[in-house]
Amino acid sequence: MTPIKTLIPAAILAILGAEAALAETELTVYTAVEAEDLERYAATFNEDHPDIKINWVRDSTGVVTAKLLAEKNNPQADVVWGLAATSLLVLKTEGMLEPYAPAGLDKLSPQFRDSDTPPSWVGMDAWVAALCYNTVEGEKLGVPAPTSWADLIKPEYKGHVVMPNPASSGTGFLDVSSWLQLMGEEGGWAYMDALHENIAAYTHSGSKPCRMAGAGEAVVGVSFAFRGAKTKIEGAPIEIIIPSEGIGWDMEATAIVAGTANEEAAKTLVDWSISPKAMEMYNVGYAVVAIPGMAKPVEHFPDNIPEMMIDNNFEYAANNREKILSEWTARYDGKSEPK
Amino acid sequence: MSVTTTDAAADPAEPAKTPPEAYLTIRGLWKSFGDFIALRDISLSVAQGEFICFLGPSGCGKTTLLRAIAGLDPQSRGTIIQGGRDVSVLPASARDYGIVFQSYALFPNLTVERNVAFGLENTGVPRAKVTARVAELLELVGLPEQAQKYPAQLSGGQQQRIALARAIAIGPGLLLLDEPLSALDAKVRVHLRHEIKELQRKLGVTTIMVTHDQEEALSMADRIVVMNHGGIEQIGTPTEIYRHPATLFVADFIGETNRVSATLRGGKVALGKAELRAETDLPEGTGVTVAVRPEDILPHAGGHEAAGENRLAVTIADMEFLGSYWRVHLSGEALEGVPLVANFSMNAVRRLRLSVGRAITVELPADRVLLFPESRK
Amino acid sequence: MSVTGAETLPPGREPRIRLDRDGIVKRLFMGIIALYLLVALALPLYAMLSKSFVTYRFDLTAYEFQVSDEDRVFGEPVSAADLNEELQVFTDQQLHSSSDGRLTAVDLFPEFNFRSKVLYRMRGTKEHAPWLVGLDPQDTTEWQEYDSNTFRRINLRPVASVGVQNYRAYFSNPSLVSSIENSLFIATISTVITVLAAFGFAYALSRTCMRFKSTFRLIAMMPILVPSLLPGIALIYLFGNQGMLKNLLFGHSIYGPLGIVIGSVFFTFPHAMIIITTALSISDQRQYEAAESLRASAWRTFWTVTVPSARYGLISAAFVVFTLVITDFGLPKVIGGQYNVLAIDIYKQVIGQQNFEMGAVVSVVLLVPAVLAFIVDRQVQKKQVSLLSARSVPFQPRPNPRKDRLALLWCLIVAVFIAGIIAVCQFAALIKFWPYDLSLSLKNYAFDRMDGGGWAAYRNSIRLALLTAGIGTTIIFIGAYMVEKIDGFRTGRALFQFLAMLPMAVPGMVLGLAYIFFFNDPANPLNPIYGTMTILVVSTVTHFYTVGHLTALTALKQIDAEFEPVAASLGQPFWRLFARVTVPVCLPAVLDISIYMFVNAMTTVSAVVFLYSTHTALASVAVLNMDDAGFIASAAAMGMMIFYTNAAARALHALASRRVLRRTQAWRAR
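From first to last, the protein sequence lines are chains A, B and C.
Residue numbers for the first sequence follow our numbering, beginning at 1 and rising by one.
Residue numbers for the second sequence follow our numbering, beginning at 1001 and rising by one.
Residue numbers for the third sequence follow our numbering, beginning at 2001 and rising by one.
Chain A extracted, bound-state conformation:
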């Protein structure tokens, strides 16, 4: 009986404890920024604004977006800092974002802000597609390093390519939407039909294809440059390849959630999020940042990334997301185990 007797008060305390309030302003910030960067971001921000405490709510792009949409009528977040712009566009169409023109807005590259005035969101850094190619396995299996998207539909890649499922992964969706923009609707679907024959697996997350290539589970992983670089640092025998046709990209962006009770603090955070100091901070992991000319090269990142980024039509991507995904799902999902 003792365990129960002592547990009940402990339980109540534990539950209450989680909700204990602190004196300073607290911001609930939803984010999809990579877990390893979170602490650094908050610490750097607090160097300038020690009075604002950030409570991170972090998850993958899809989950954070789903969460925000689910909370549409009862938003829990004050700020979204570091979510794919395509997701923010979806939130904008639901009227969930508070337009705000942060200080220093004019310094941003025009692509890195919402075109409305005042903008509903502002960009941080770009997040670009890339191929991870395992040199060891490639040699062993006689699979050459691809140089273009077109290479991937060649027969020698059959069963050696993994890519993320666009229905669950933001990276997967930016790949698909970039192919449709690069090759046109018809060409894009024809390309994916051919690619599907070579795909060993569609993964749920965008990191996983690169991790799989890194671990030799696949030879080529369609992923994003950030994860490729990190995986390479860990010791994976991979090359990060930028296909010659150009690469899809998305940006991490920041927005204020409409109806926040902490509007002042939220504005302070958004102001800071596009400051040069913040850009330097993003630059540690991302080769392209919102203020042009600021970025320094990042280890293991190919240097030609800015040139290779396609002219991404975010409105097209956001407004056709549902159509593209249902088409994609109908064509490629639910097929049993590929050979």
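Treat the hints as calculated values from the structure; they're not laboratory data.
Heads up, a few of these hints could be off.
To be verified - Straight line, CA to CA, 20 angstroms or less: simulated PhoX-like cross-link-like pairs of lysine-lysine: (1) A:Lys-53 to A:Lys-277; (2) A:Lys-107 to A:Lys-267; (3) A:Lys-140 to A:Lys-154; (4) C:Lys-2443 to A:Lys-232; (5) C:Lys-2557 to C:Lys-2382; (6) A:Lys-53 to A:Lys-267; (7) C:Lys-2382 to A:Lys-230; (8) A:Lys-140 to C:Lys-2246; (9) C:Lys-2432 to A:Lys-230; (10) A:Lys-296 to A:Lys-107; (11) C:Lys-2557 to C:Lys-2383; (12) C:Lys-2432 to A:Lys-232; (13) A:Lys-230 to A:Lys-296.
What the hints assert, rightly or not - Cβ pair distances, simulated, as ranges: (14) A:Glu-263 to C:Gln-2381: 50 to 60 angstroms; (15) C:Asp-2448 to A:Lys-296: 22 to 32 angstroms; (16) B:Thr-1263 to C:Arg-2013: 42 to 52 angstroms; (17) C:Glu-2007 to B:Asp-1252: 15 to 25 angstroms; (18) C:Gln-2497 to A:Glu-263: 29 to 39 angstroms.
What the hints assert, rightly or not - If you want the footprint, here are the derived chain A segments under chain C, 3+ residues with CB under 8 angstroms: (19) 54-66; (20) 202-208.
All residues carry an ideal CB built from backbone N, CA and C; glycine is no exception.
Following the hints, put chains B and C in place on chain A, whose structure we already have.
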């Protein structure tokens, strides 16, 4: 012999039996479980300090009646008045009784001492007083040295006494015993009968005991309530019940009887060729069942003594030795094939030198010939 | 005679026994716990069910357009519905959508040219008629004017309505329907294999004189201590493209049904084994003696006595395994490759496509087999109880060298399989970078640098497990006590009993999704618990309620029913009896319930995957998310942390049980 009513007060054999200071009165009690009527129109009174037994075959409703009194299975109709208070709709906890179940329901994880003290603790009684009271109770039931043992370490009889001690610890106005002895073996049972009765007398607590064992009821009860099919057949002292069964059921259930159907003609009934006189006020021509207890049949030496009222000439067909008496199967022309069983004492058998095949005369005294009107169907 | 002919009650009212304090308190308690079950189970499920009928549709009758000529003189307003009627652009089917749908307005104007000077006006004619200009939401009944170049960027938005369209869409989508087939397929195959394997194992444990029985039993229980997706990770290390034993598959891929089935056999094995062992252990020695006296061969005895006597156990085990597999989500996620199953569909619909309505539809579909299996299992269980007889003589196996050797061999195979999977996970967790850097390292335990919530997730899991064990056991045991020991109030008790049995039939993910719909509604006064530890505790307690409830009921039924009347007659309140007698006597069951809750709270993914928030990330979900992000070694490392924690908890439980039993249950010893 009258047909009894359901109330002892109306029994002419014991006219003044219902004492004025009735402690427990039950009036018009009914109980149904769905369509099944488990108790029908039960009325009875129990005097202060009386020991009452509910006796009957299983399924007769005796336990249901006890549980209704305890407030465990509330009645469907009727009133229960205990100690001048209408307890009909009071929950068990608000009534005043101690109870001992067939299973004893001793708390297995508490020592004997804690079991007995269970009802005393938490009532504002100082600890020292509780301890003293428990010791006194254990002394009373004769188990003072078992205080620290757990129930599982005791024998059945000992557990039974602990359950009793626990029930009386709070000094209840009423003690309810639900088949308290049926789980014990025969020797212990006989011993405990005596002890419980003794204890009850000492405490003077009004007690109701449910049993299906007639011997138990006859030996312990001040009065017995014989029940059948949810109703009361008869209420009376053990001798009354035995000597003057109100119904054929009672006659049959308690003790043994020889039975034969007959019609009442001129104050007599036919038994085979013989005619027997019976003391009755049933009207002429009533169809009756004649019942005679085997021990009421008196043996006489055969032949010349055959003449006389209520005497029959018979032959001993078979004899069984049952220890303290002989069971004798009688046959004879006069009986016309009606079987007659008599219990003869050792002395009588020796004195009359009875043996199989002997012709004798038996007497069925008129006041021992019981007549029960045949139920019209 | 006194027994008159009356066969009916005399007229009058049934007297109602006045409620005493005990009666009131008991009803109050039961009411509270019933309310808990209602709020934590029935209402969310209802919310989910109604959500599955929320469909999104473009309501063309709600929009009106006006088109001007080149001189900007506007013509008559025309409704979008009329335009579509005339032009037949959109079929009725195309007007159905998900919540995220868009319909391009210019499709209704075949002569549209974005360079023309024609102007367009549009307005809503109803209260709610949303559209987008580019990305800006609009919803007004005032006329809005657009030039051609802007008008091409106009998309209509769907509005919610009620109907069965979601179900129609679901069943007309071949890839979703194939998931049903896939789910049934893997569940059936896994069930057959698991039940056969577990039967052999249970037979060896209870019917032979094989050695090392207790060791084998211990090993067979290990899978209960880990999340169901852990075997998936081990299988990747064993049979993946870089797998240690890859060649054993002869070119077959472990990703897909093969992997799911092997993993399912692993994680369902102990459940089947426990049930079948119980079934075998209640059979009667005398039947075997009879068979022997009839000179039946061992083989014949096996088929005529052993198998039939265990048949209810076998059926029950089969349904339990079937339900576990078909509702499991972790394993197909990790090793399923492109093989879609129902549980994965829910996850994809909700997390991937944010299509909550379709997620609700798949949940309802997934409820069907689970509920069916549950009903059949309950029927079977009832029969099994009647097989038990107090007079049965327990079976005593006799040594039979050949049989014992075979049994040992079989158990050895199973034990190597189970222990091997666990060992591979531990190995994987310690390898620096498989397969290129095989040096040992603790780097994979640096959870804070990865997705999933880091070490905080592990601490949260322990907190959740402790809270679930403490609160869950309290609620469950008190609830069971009220059901078993309250008098009268029959309807209330029957309803309660039904509510208590219901969780068994509800898959964890379905419950989780139902919680989103129910608790994440701002109109719900319980909304604040959304995203907190509380909701995780509630969902976990509820998800695992039934087994605990049954355990408590079984223990309570063994207690003398006369204790309550005795206590009442002694003027003692029921809670004193409860505290002094009932709980101490049932302590073994109480401890069993709490360890069951603890272990399951540590390992469950499905009940919490939709409900955790960043502050309440959990170790089991971290395993899933780290694997998802490709950090398989770290996922294995976290999985092993769960394993060791659970193993320690179980050891502690065993120790505590023994000590507590020795102290409080001294009465058991004669």
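Checklist entry - Hint by hint, which ones does the structure fall short of? => result Hints 7, 18 not satisfied by this model.
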